[in-house]
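Undergrad: The primary structure of each chain is shown beneath.
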Amino acid sequence: MTTAHLELHGVSKSFGRVAAVRELSFAVPRGSVFGLLGPNGAGKTTTIRIVMRITLPDAGRVVLGGKDIDDELRERIGYLPEERGLYRRMRVLEHLTFLGEVRGLARSEARRRAGRWLDRLGLAEKAGRRIEELSKGMQQKLQFAATVIHEPEMVILDEPFTALDPIATRQLKEEIGAMRERGTTVLFSTHVMPQAEELCDHICLINRGRAILHGRLDAIRAEHSRPALEVESPATDAELVAVSGVAAVRVADGRRVLELAPGAGIEAAVKALAAAVPLTGVQVVRDSLEDIFVKRVEGDHAPLA
Amino acid sequence: MLRWRKVWPVLRREYISRLQTRAFWLSTLLVPVLLVMLMALPTWFLRRTGGEFRVAVVTADAELASEIATRTREHAAARPGPGRLAVTIEHLEPTADAEAQRTELKRRVVVKELAGIVWLPETGVASGEVEYLSTNVTAVRLVSELESAVSTAVTKRRLLDAGVDRERLEALTRRVGMRPVRIGEDLRETGEAAFERSFALAYVLTFTVYMTLIFYGYYVMRGVIEEKSSRIVEILVANLRPMELMVGKIFGVGAVGLSQYLIWALVAVNVGASGVFAGATGNVPLIDPKLLVFFVIFFVLGYFQYAGLYAAVGSAFNTEEEAQQTQTLLSLVLVPSMVLMFPVMANPDATFSVILSLVPVFAPVLFFTRMTVQMPPAWQTALCLVLMLASIFLIARFAAAVYRVGILMYGKKPTLRDIWRWSREG
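Chains as they are written, first to last, in this note's numbering: chain A, 1 to 305; chain B, 1 to 426.
I should point out that these hints are in silico values taken from the structure, not numbers from a laboratory. Every residue, glycine too, gets a C-beta built ideally from N, C-alpha and C.
Here are the simulated lysine to aspartate or glutamate pairs, DMTMM-like style, with alpha carbons at most 25 angstroms apart:
no.: 1; chain 1: A; residue 1: Lys136; chain 2: B; residue 2: Glu226
no.: 2; chain 1: B; residue 1: Lys412; chain 2: A; residue 2: Asp58
no.: 3; chain 1: B; residue 1: Lys106; chain 2: B; residue 2: Glu52
Part of the chain B face toward chain A, derived, beta carbon under 10 angstroms:
no.: 4; residue: Pro9
no.: 5; residue: Val10
no.: 6; residue: Ile16
no.: 7; residue: Ser17
no.: 8; residue: Glu227
no.: 9; residue: Lys228
no.: 10; residue: Ser229
no.: 11; residue: Ile232
no.: 12; residue: Ile235
no.: 13; residue: Val237
no.: 14; residue: Asn239
no.: 15; residue: Arg241
Far from chain B, some chain A residues (derived; all Cβ distances over 12 angstroms):
no.: 16; residue: Pro29
no.: 17; residue: Val63
no.: 18; residue: Asp68
no.: 19; residue: Glu125
no.: 20; residue: Leu164
no.: 21; residue: Val192
no.: 22; residue: Val251
no.: 23; residue: Leu260
no.: 24; residue: Ala264
Between the sequences and the hints, there should be enough to build the whole structure, so can you do that?
TA: Here is the structure:
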């Protein structure tokens with residue numbers, strides 16, 4: 001998990017006067033599940049398109065497995081774009097075979113694997129049907145199968161959970177887990193933080209084309225979400241702030257949360273509280289990824305001093 | 001630059017999926033039917049100028065009238081075939097009331113009992129002044145046949161009156177027939193029927209080139225738009241270079257076109273051999289094999305030019321409706337070549353024909369048309385092919401650049417200026 005599978009070095013891309021990606025650098029460790037996070041319009045899709053060489057960057061390098069990526073190397077990546085299309089009039093087996101060929105498989109091999117995937121997805125009896133006769137859910141399964149049919153060492157999924165129903169969402173999460181088990185590197189973009197929190201072990205948070213947080217998820221959380229105490233107490237806010245180790249009181253969802261002063265230990269603060277005010281309940285809470293995300297993005301939008 | 005192992009699946013998909021459509025087989029079936037109809041058209045027109053006519057000849061001289069009848073019969077016998085002109089002469093003695101007779105005959109012409117009236121007064125033999133009355137005095141062939149017959153008969157009457165011996169007279173006034181003979185490039189002589197046939201053939205072959213260029217160019221454009229609007233293009237260009245995708249599509253659709261040509265050729269050879277055309281054209285048309293080779297060459301070179309342009313247009317727009325206007329502009333390049341086809345066919349060696357037919361976008365129709373009439377000098381053919389290849393090269397570069405930018409460009413409908421800018425960027 002220490003070697004980088006994919007690295008971006010100072011990648012920039014502008015469309016006219018709009019800078020979509022600005023000097024973006026991050027590394028995706030081999031075998032990791034990597035979340036590319038950011039609000040809509042942050043530059044996630046542009047970044048992925050640059051990795052896939054659909055869009056060429058104005059500056060910077062993309063390195064895959066230690067080599068600058070080119071049209072041959074990119075075949076090792078399975079890519080599922082956000083806008084997923086299929087030839088509506090094509091037959092199911094023929095279509096999957098075609099996408100396998102496009103992804104570099106020989107025709108006979110592509111056909112064999114396509115047949116196997118249809119069996120696995122329970123679509124074997126639909127092999128001769130036209131794509132347009134399939135339900136939307138089946139089409140989505142087919143698109144996912146096409147993404148990994150050439151058994152890539154890395155999979156890139158752009159907003160894979162959009163437009164999925166809860167069952168399909170769970171199936172995709174299971175697939176991602178299975179790929180992690182097999183050692184496939186997974187990079188996916190999302191703006192839904194709980195999903196990222198659940199699945200990723202590494203993230204890069206980008207906003208307005210720049211990376212604002214990047215690294216192991218647990219390290220980021222340890223660094224950026226200091227523990228706080230959620231208390232139930234009849235004491236007033238002023239009484240609580242007066243306790244040593246307490247920096248501020250805020251109310252979140254009707255609960256009072258005490259932010260601790262820098263350097264203050266949890267244990268010491270709880271002891272000081274218990275001694276100073278009556279307590280009916282106390283609990284340690286941490287910022288979720290979403291809290292970190294919102295704080296950082298809002299901070300990023302503040303005028304730069 | 002191009003990786004054929006990448007182009008190949010795209011090409012095969014295009015080819016097979018199109019061969020499986022109903023449209024392909026329908027057009028394969030209907031186009032020959034249409035073309036046979038077109039081919040029969042000149043014959044049909046010719047037949048319309050021929051036909052059966054009844055003409056009244058008003059003269060006091062019965063012998064003169066029968067002489068006219070004999071002459072028109074001879075004419076008809078000399079030129080058989082679809083354009084045969086059979087004239088029946090109805091001899092009428094002038095009555096005392098010439099005005100009443102004339103009025104009655106005119107009425108018969110108006111009600112179509114008669115095609116016309118030859119009014120030959122007694123003084124006409126000497127003065128040579130004869131009238132022909134008809135509702136249609138521009139039926140050129142009928143009028144000239146009658147004029148020739150009347151003229152010969154009157155001349156004969158004058159010679160008899162001058163005392164020439166009747167037997168010698170027959171020999172001296174024997175009919176003179178002029179048979180049109182066409183000289184081929186190889187100095188070979190072919191008859192009139194062959195001439196009419198080659199006109200029909202030239203028309204049909206040129207029209208086929210024109211039509212297939214429009215159809216297949218349009219298929220390429222529609223295919224590109226479909227890939228773009230279904231968004232499958234994003235998956236494709238993550239694995240293929242845009243140029244590979246474009247070339248695969250153009251070659252795939254082109255292969256469909258060639259297959260269709262092959263089917264038609266096979267059918268034509270078999271049907272031709274069985275003599276089904278014999279009724280329509282007089283004889284089985286024997287196509288010069290050299291012409292057939294150029295037929296395919298001009299289709300292929302024309303196709304590459306237009307398919308490239310249509311692919312560029314398709315890539316720039318999001319829907320067929322959006323592309324409509326620019327596509328119309330494109331067909332405006334092709335339409336003039338069809339309009340100019342007739343003047344060029346009539347004067348294949350005129351300076352304007354030579355210059356227009358060498359313009360690469362017109363050449364598939366106009367240069368080929370010239371070839372069907374008369375093989376142009378070899379240097380012109382060579383120049384034409386070189387110019388077309390150069391044009392294909394330039395169009396391919398332009399199209400690839402526009403395509404590269406266009407296929408991933410969604411949103412606002414681009415202007416022609418935008419497309420031009422993409423071609424500089426790409």
